[in-house]
Amino acid sequence: MSKGYTWRITLIVLFIVASAVYLTPTLVSSLPSWWGGVLPKDKIHLGLDLQGGTHLVMEVETQKAVEGSLDLIATDLEDSLTQKNLRFKKIGKLGGDKVQLTLYDRGSADEVVKLVKKKYPDLETLPLVDEGGFVNLQLRVNEKEAQVRKDRAVAQALETIRNRIDQFGVSEPIIAREGINHIVVQLPGIKDPKRAIELIGKTARLEFKLVDENVNAATASPGSIPEDDELLFEKRTDPQTGAVSETPLVVKKKAMITGELLTDAQVRIDSQYNQPYVGIEFNSTGARLFDQVTAANVGKRFAIVLDSNVYSAPVIRERISGGSAQISGSFTEKDASDLAIVLRAGSLPAPVKILQNVTVGPSLGADSIKKGLVAGLIGVVLVVIFMGIYYKISGMVANLGMVLNIVYLMGALAALGATLTLPGIAAIVLLVGMSVDSNVLIFERIREELRLGKTPHAALDAGYDKAFLTIMDSHVTALITAAVLFQFGTGPVKGFAVSLSLGIIINLFTSLLATRVLFDAFLDRVHVKRLSI
Amino acid sequence: MELLGKTNIDFIGMRKISFIISGIISIIGIIGIIQISRGVANMGIDFSGGTSMQLKFTQPVTTQAARDALAREGIKEVDLQEITDGNKLLIKMRKSSTGDVKVADHVQDALKKEFASNPFVVESSTEIGPSIGEKLKSDTLMAVALSLLGIVLYIAWRFDFKFGVGAVLATLHDVLAIIAVFYLMHKEVNLLLVTAVLTIAGYSLTDTVVVFDRIRENLHKSLKDPVIPIFNRSINEVLSRTIVTSLTTFLASCSLFAFGGEVIHDFAFALVVGVLVGTYSSIFVASPIVALWEKNPAEVKA
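Protein sequences, first through last, are from chains G and P.
Using this note's numbering, read the first sequence as starting at 1108 and increasing by one per residue.
Using this note's numbering, read the second sequence as starting at 57 and increasing by one per residue.
Fair warning: there could be bad hints in the mix.
[Claimed, not checked] Negatives, chain G to chain P, calculated, CB over 12 Å:
1) GLU1166
2) LYS1200
3) LYS1251
4) LEU1523
[Said to hold, decoys possible] According to the in silico footprint, chain G covers these stretches of chain P (three or more CB under 8 Å from chain G):
5) 72-83
6) 171-181
In case anyone wonders, no lab produced these hints; they're calculated from the structure.
Being a predicted model, the structure only gives us computed values, none of them experimental.
Even for Gly, the Cβ is constructed at its ideal location relative to N, Cα and C.
Just need the whole structure built from these sequences, with the hints factored in.
Laid out in structure tokens, this is it:
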């Protein structure tokens, strides 16, 4: 055992066994019952381009989250100042990072400053400014605090989207944050991508607003209504004709109750009209508020607003104190169940914008796999025939090395949980051609040595030794570009880089070590005068 | 079996012709890159932003019929391409003029209405906003620059600076050649093409390294001999293995090109072109550059 066959052969066999074990779940349709414990159960992951599905890149409009929190602060300050009997003229958002309080005199202003500093220690209070007989107090969200809020908004959006997808029911979704404000969502094998995208992208800000009955909505325009009112529309779709009608409604800007106070939302069917609606439950704060508001406004209309669209505006007939309500509208059962999902999962802290949407149907994916396999098989056959003719038995040894290379590569992909994409399959086919290259270099070197009159054994040793550096050099350069592709590529391209770099590394093993063992073993046992090369 | 016996070809002597050919190819490639950066080449939507769809109809649809139908629905500025295998239609729209992300839905609704008797399924649909395209463009430039830099450093370390420059110029030549071919054939420039180009950049070096290795070996053996004959002899010695290694990879890429399906058709085409050009460049571009640089003054006039 001068040449150390034992460890080399052991290594080769060990890798074959390991590859076979890792590939079993992929190749066997149903695993036997004894297959358990530490044995792998995962199939090779297929990219969305192969199994079909949707890949979304979304941007969270984080600036809107900051502005939204300013609105909340303004409303909250209005309430607290009223409670403490501190008079103010106006409180509102100013620009993208400030809240301005317009107060009547310095005396109350100082008190307000004290209150604000206690209540919102994170906000920066700017010096008081006298203007036109009033005192202006500005609160600013500084850069650092804004960043914290933006960051939190993205994290929250991620969590909300995850909840929605979980409830929608997609197997093995991937939801991840990318960069500062991007969220990547992958939904493999999804049947109705349009519906899923609508569900994910909906901000779902639920608000209950009182209708301003003093304004005639039919003639109202955004400029003509009071400052604390807003003009919204109620969209109704006729279930028979599909025609959409819009009814204008003037409502109070201030929301009496918001979706944050919900604990549950479920689809129910109205027994009388057989119409679906969404039944919602409030938490204790929400229930108390709802009780108070309905008690104080009997006879008025209460608009249920989702993302600035009025779902319905029923008349408050009596005080509602049970803490539950219902949202009805002209929707189908699907719409109602999606609405229930978004209400349960909560609203997004800021709107999201879809930057990229790649959807691949399952038929194209299956077609790609089939064609990739055919191309691979034909590639293998062509190379095997060529090598067999050109290098005879030695060529067949190289072919064996190539097959070993593919088996190891597939095993490694399964073991590492890497994702196989269509370009990844292309990389494997390309590797079929590249993996015999190392052996070609070695064989040509051996032929050269034989021409110099060396014995087969000496020529073999010299061939492997002298070709070694060339092979290393060419593999390293190929690896450099593969690594760069891995670093910069996304999705399919990354799949290509993974297959390529793994293949290149494995190829070093199969071409330098595995094929050589066969030659050595043969030449040591059989005394040959001529090498079949 | 042997493809070539002992050859004795004056490769370096052919440099005038080869440099002219390579020069023309490179210039076309550079024009191609300029056009690409100006956005006037056939850009894929992953770089330009926009919408693309692949629809599979039950009956054949001509591009003209589809174009007319879309025009009637007010959708213009579309690229249509028919894939005869299986009644497929490729629809591509760059930078949606309306600024609306729902372009795909709009087009599908329009076609559903116009081709009511010929239903279709959406095989794939891609919508990409312009900001993603911009980021991808800068990422791609970064990737190409980084890999070229990595290659120069490695070759410069393993051989010497002159060889490093020769290898990189040859690699650059291959990259330009693929871009030139794609530009002239008006094929789409997309992320897969960049992937193919980078793969070829790595692969074409294999051939170059094989040739350089032998040149270096022979240079060390005969220090006093004139340089150009050594280069010629070295190339001739490794000629058959350069061709055989390329041939095996060429066979595999051809198989991908012919049988791999439409999604990677252009990608495989780029690989096929790249393998051919890569082999040519290691013999006719990389080696002559180093040879001219290495040769001693007495040979200049020869």
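Hint-by-hint comparison with the structure:
no. : hint    : result
1   : GLU1166 : 8 Å, violated
2   : LYS1200 : 27 Å, holds
3   : LYS1251 : 25 Å, holds
4   : LEU1523 : 20 Å, holds
5   : 72-83   : violated (count 0)
6   : 171-181 : holds (count 5)
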